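**Q** Chains as they are written, first to last, in UniProt numbering: chain V, 1 to 319; chain G, 1 to 279.
Hints are computed from structural coordinates only; laboratory data are not their basis.
Just so you know, these numbers come straight off a predicted model, no measurement behind them.
Careful, some of the hints might be misleading.
Claimed, not checked - Restricting the straight-line Cα-Cα distance to at most 20 Å, the calculated cross-link-like pairs of lysine to aspartate or glutamate (DMTMM-like) are:
1) G:Lys227 with G:Asp136
2) G:Lys131 with V:Asp30
3) V:Lys55 with G:Glu266
4) V:Lys99 with G:Glu150
5) V:Lys31 with G:Asp133
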Amino acid sequence: MTVNITNTLKQGQANLEVFSATLQDLAEADKNIIAVTSDSRGSGKLVPFAAQYPKQIVEVGIAEQNLVGVSAGLASTGKKVFAVSPACFLTARSLEQIKNDIAYSDNPVNVIGISAGVSYGALGSTHHSLHDFAVLRAVNNIMVVAPGDNFETEMAIRQAAALEAPVYLRFGKKPMPFLSDNKDFALGKGREIREGNDLAIVATGETVWPAMQAAMLLEEEKGIEVGVISMHTIKPLDTALLESIASRYSAIITVEEHSIYGGLGEACASFLLQSGYQKKFKIMGIPDEYTVTGSQLDILGHYGISEKGIAAEVLKLLR
Amino acid sequence: MTTKELEIKSLNYRKKVLQYIKKAKAGHTGGSLSCTDILNVLYNEVMNVSPENFQDPNRDRYIQSKGHSVEALFVVLADQGFYPESNIETLCQYQSHFIGHPTRKVPGVEQNTGALGHGLPISVGTALAGKMDGLDYRVFTLMGDGELLEGSNWEAAMAASHYKLDNLVAILDYNKLQITGAVKDVCNSEPIDQKFEAFGWSVKHVDGNNVEALSETLKSAPFEQGKPSFIIAHTVKGKGISFMENNIKWHHGVPSDEQYAEAQKELDSQLEELSKEII
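Only chain V is shown next, with the shape it has when bound in the complex (with noise of 0.2 Å):
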C-alpha cells in the first residue's frame, strides 16, 4: 500500500523524544528493559525515565568503551539493554566493543546513537557521526536502521525490543514530520511512502523529510512524479524492495546524513549493480571533507540535501 501525502502535515516530535516515551513504556512493563549512558541522560532525553525508573537506568559516566562492555554484561544474562551515547561517540571510540561484545558474542544489545549525523551542528565535526553506517555496515550480525519520523521510531523501538538481536538504532534532534498514513513497519523492509513515475528517491533516517518535499514540490511546479522510499533499515537492507523500484523507475537517487562513502548510497548501488541493475543513479550525502560551520539545517543545506538540492539533482538526472 502507498500513500501520497500533502503538504499539511503537521511537525511531530523529534525521533529521540519518541525513543525516551517508548522505552519508558517498555520500562513499565518489563523490569528487565535497562537504560544504559554515559553522563548522556540529559541529551538522550532520558532524565524522566530516570526519574521513573531508577533501578532501570545504569549510569557508567563518561567512558563509552565500558558502557558498551557493560551492556554486552547485563544482555548476557537475559536483561533487554539500549546503550544510549552520542553517536558520534559511541560508534567510534567503542566500535572494537560494538564488534566483539555485542556482535561477535551475540549479545543482544540495542545500541542507541543519539544527536546522529550533524545534529550537533556548529559544535564541529568531533560531534558528527558520518561513518556509523559505514562502519557498522562492515560489522556482522548487528542490524543498522535510521527511522524516517516518529511512527517509525517507536515501532522500530518496540520491533529492536523483542528481537533479541544486536541492533544499531540512529536517532537524530529535531522535530519529524509524519511521513505517511501507511502503518505498515517491519524492521529489514523499506516502505514506499510515495508512488512515482521516473525516479525514485531512497532516503533514510532525518532526510526522508526533504526528500518528500522535493517530491511535492517537483509534482507543484513541473508536474513530474518521484516516489519516494524510506529506508530505514540500512543493513539488512530490503533488496526484494530495491528489486521492485528498479525495475519500475528509470532513475533512483539515495539521500543520506551521512558520508557518500559506505552509507546507504553505495549499499544500494553495489546491489543493483551485482544484480544486473544498469540505471541513472546519484548519491547523495555528505562530501569527503571537513563539514562547514552550521545548524543542522545549514549544513546539510549547503551539501544540497534540502528540498530545494534534492529537487535540483532529480532535474539533472532526468535531463
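Given the coordinates of chain V, work out where chain G should sit on it, guided by the hints.
**A** Then chain G, alone, in the frame of chain V:
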C-alpha cells in the same frame, strides 16, 4: 580436593596444554602455563559452574579477558566434562571451534574474548545484573598484566567500585612479561595494587602458582563487603618448564620435537615426585 591432588591436576593440565599447542603448531604457551594453576583452582575448588548447571542463571561466571591463554581454558573445560578432550585435537585447524581465543561455540565459554581490555567491562555488567536480580552468583575474570595498559580496564574499575560489586573478582595473571619484554620496561603499570585500591577495590597478593594459597585467597572473596576484589596472582610465565620460564620467546612459541620431549620429561618427573610424596 587435596593440595597434592590439585598439584597433580595442574601438572597434567600443563602436559596437555603443551600437547595440543605442539599438535596445532600454534598457541600462547607461556601465558597458558602461567595461569594453569589459577584455572585449576577456580574450576575445581571455587566456582559453582558445571556442564549440568551451565544454563542456570545462578551459576558462577568465568570470563577470560586475557583470551590468548585459551589453551589452558580448553584443557580445563574438557576436564570438567564440557566436551570430550579429543575435541581439542582440532585446535586452530580449518573450521574448528577451538580457535586461538575463547569463543562461545566451545561449550563452557561464557563470552567471546581475545581483544584485550574487554573482559572487565563485560564482567562489571554481568555482576551488576546479579545485584539487580538479587542472585548470588559471582563473576570471575582473568586479566593479564600487559592487558592493564588498555584504558577500558580503568573505566570498568571505576564502575565496579561505584556499583559496590563485591560479587566481582578480578584475578591478575601477574607474570610480568608481555610480547615485547618486561611489562615494566614496555610501559610501567606499577604500583598496580595501589592503583586498584585507589579505584575502590579490595586487593590481595597471592602466589599464583601455589594452588593452596590460591584456593585460600579465592575462597575468601569478597575481601570486603561492598567492594570488588582484585587478586594479584604472582605467576611465572612458562611455569613448570625450566627453559620456558620467564623467557619471552615462549609468549607464543611452539616447541620443537626435542623441546617437547624435554618439557614432558620435566613435567613427568615433577609428577613422579608428587606421587612419591602421596605414597
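**Q** Flag every earlier hint the structure violates by its number, smallest first.
**A** The structure conflicts with hint 3 only, although it agrees with all the remaining ones.
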